[in-house]
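*Asks:* Letter by letter, the chains look like this.
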Amino acid sequence: MERINLRQMKIGQKGIIQRVNADSELGRRIRDMGLIPGKEITVQGRAPLYDPVSLRIMGFTLTLRNNEADHIDVEVS
Amino acid sequence: MNATVVLAGNPNSGKTTLFNELTGGRQHVGNYPGVTVEKKQGTCKSDTGRFEIVDLPGTYSLTAYSLEEVVARDFLVDEKPSMIINIVDASNLERNLYLSVQFMEMGLPVCIALNMMDVAKKRGIEIDIPKLSSLLKLPVVPIVARDGKGKKALMAAVAENVGQRPEPLRISYGRDLNAALDELEALIRPAEFLTPQYDPRWTALKYLENDQQIIDRGYKQDKTTAMKLDTIVQRVKIHIAHTLDTHPEGIIADHRYGYVHSVLKQGVIRFFQDENRIQVSDKIDRIVTNRFLGPVIMVAMLMGLYQFTFTLSEAPVAWLEGFFGWVSAMADQALPDGMVKSLVVSGIIDGVGGVLGFVPLIMFMFFGIAFLEDTGYLARMSFMLDRIFRMFGLHGSSVMAFVVSGGIAGGCAVPGVMAARTLKSPKERLATLLTVPFMNCGAKLPVFALLTAAFFAESQAQVMLLITLISWTGALLVAWLLRSTLIRGESTPFVMELPPYRLPTLKGLLIHTFERIIQYVKKAGTVILLISIILWAMMTFPGLDENQTKAFGDQRSLIVSGLPREAVDEIMTLEDEKLTDAMTAVKEKLLQVDADQAGEALQNSVAGRMGTALESITRFAGFDWRTNIALVGGFAAKEVVVSTLGTAYSLGEVGPEETGSLSERLQSADGWGPLTAFSLILFTIFYAPCFVTVVCIAKETGSWKWAAFSVVFNTGLALLVSTVFYQVGSLVPA
Amino acid sequence: MDTIIVGIIVALAVGFMVKRFVEIWKGKKSCDCSSGCSCSGGSCPPDPFLKK
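Same order as they appear, the protein sequences are chains A, B and C. So in the working numbering, spot 7 of the first sequence is number 7, and the numbers just go up one at a time. For the working numbering, add 77 to where a residue sits in the second sequence, where the first one is 1. For the working numbering, add 811 to where a residue sits in the third sequence, where the first one is 1.
You can take every hint at face value.
DMTMM-like cross-link-like pairs, simulated, lysine to aspartate or glutamate; straight-line CA separation at most 25 angstroms: (1) A:Lys-39 to B:Glu-171; (2) A:Lys-14 to B:Glu-574; (3) A:Lys-39 to B:Glu-574.
Computed footprint of chain C on chain B, listed as stretches where at least three residues anywhere in the stretch have a Cβ under 8 angstroms from a Cβ of chain C: (4) 409-421; (5) 768-775.
Everything labelled a hint here was simulated from the structure, so no lab data went into it. Because the structure is a prediction, the values reported are computed rather than measured. The beta carbon of each residue, even a glycine, is placed where N, CA and C say it ideally should be.
Just need the whole structure built from these sequences, with the hints factored in.
*Replies:* Structure below.
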């Protein structure tokens, strides 16, 4: 069990969100889409230039820029 | 029974499909008052009654984050509809219910339409609908909007439950916030703060959520209470930050999802597969957004689309051009010589016909694009291009705006300019809406089609691809140029859902394509027609003066001097085959005089003089006065470039055997060649947007400064690019 | 005679164009699809980011 930043996750890796450290509009948007502590996510893939990243959460696919993913801490096994 | 109900739900949940199914063709599109968010309404006549359905914009939540959400929320609060039909994606239940719960917190009656049951089943998701319904205390009707299944049951449930006023849902937000809510409510109720519109507890919640719209309204209505509330909120914020290291907003979102989760956990939903398991769409995306294959596939898609379009439309376009040529020739023979004939043949038929001739091409292009849009591929394009776009000061969403404006082909800059609204950062927004006019909008397509058909017939698709690449590259470079002069702002978030790939229905595609063709033809029959008439007038008057006419008369006399009267009559009236060689020679000379006269009349006209005046600048780009007129006309609508060239080359020629299509005329015209054609193409890509777009830019930016900039800067850039190209190209040996 | 017919047609054309320009200026007609789009290519999509 290791706690890392979402940006460091590898493709195919699963993790459980521990903390979302974003506020104002970005924070709102991230949370509305379900990125909250306790949710499980799987990294699906990255765009050709490694940014943005696409994740699976609650059964759908969400994309996020790396500098947005930085706000999210995840626990991976 | 008659009632007004509202249709609301997440984007990509099938809301539009359901709306279409319920209202059939009986829709009406307008605007919400005061804002330019589209308001779609329609009538649904079912067994149980007649319902007016308002389609709210798709949203994920009801925060004041975006204009669409605010509009949706305001509509719900102000109009208090008798029922919300909340469309929920069954394969995405948890996130969809996050919105449903917010409706319930507002105390509004909700009926859930559980859509995409078929997709859920395939993914091994089983939902206990009666359980869900009883736990949420509202009706839940399963539907498959795509097939129209469940429509009746849905409307029956709506009719049964319409007009109820349920108690607002109260979710527990944890000890700290619950206490804060109670405290806030205790102030709001007696002060009747923002009541009766908003429920007191809901207002309290919004204050804790830092909802700017509610806070502003509260402040305006009752400053004292507002300030008291604010004090409490600040205190709570600090406390939460210290003890829990987070903000009230975060806690609220957590608990809302927590509530949804607790409902679902009670046996409502069962997964027979890992819900985050890799789906077919994801497998496709592994390839489509792959490091190396992704970009290759993108270019290949474009190339494929253009090849498809040009190949299939070649024959129909040629046929249509032939048809208009025939109509033109008929009119030429049927009408007596004179101004009316000139107006009808050169002004109207050859002008508008030039634009209408490309309808088959437009049709195939639109069909292809509709296909790409409906599959969901465009979201992938945004995903892949976001990083690059950001480097130039744009955003992944700008890709959507670009495509809408014709980034692939055929679109309109106006919705593209408006689409830039999704970008909060002023820098990104401005950069997007100023570069959107570079795209291949539907109006520019006939211009490119004409020029490529005339001078690049063998490689139309490749040239089209080149044009697309040039317009995108130009847009990126100009955006980059602009960013250095604009204020830096925080970039708009790129938190975006990638919807699963969908196979478009043929019916949907045909409807889309058909709608666009109708618009294209309508525009040709109205705007283009009117402008063609005006331009014809500008190209005909004032005509030649007495001396000039006399000079031509003298030329004619000179040619036929020495020939007997009867011989001259024969030459003019007999068919060509019956003439002797000598007579043919004379006739040709006479026709040449006619052509010269027509040409000089044209050059002497108002438009001709304007065009000639501009020549001193444009000749370096390879344009003559006729092209100049066409380009000036293009400011009204880009198709006018084609119709004006059609009229100009029709007016300057004489003789029925010369009726070819406009492409043919250009091929044999003086001063025209592949170099000039491509120079004109470059100019068309970049120069001033059409009038409608300019006005739209002024409105969206709130000032005429940027609108003027788009006209002046773009035209200047276009001139520079075409001139450089033409000059360099002229140096290269053919 | 000819001139009169042509004159009337052109005058009408000018009149309609002016009317249209004024409408666009006032914002009554831009991409209002219910009254016929001025865009020859796009149907007027709503916010594509929050696509319906």
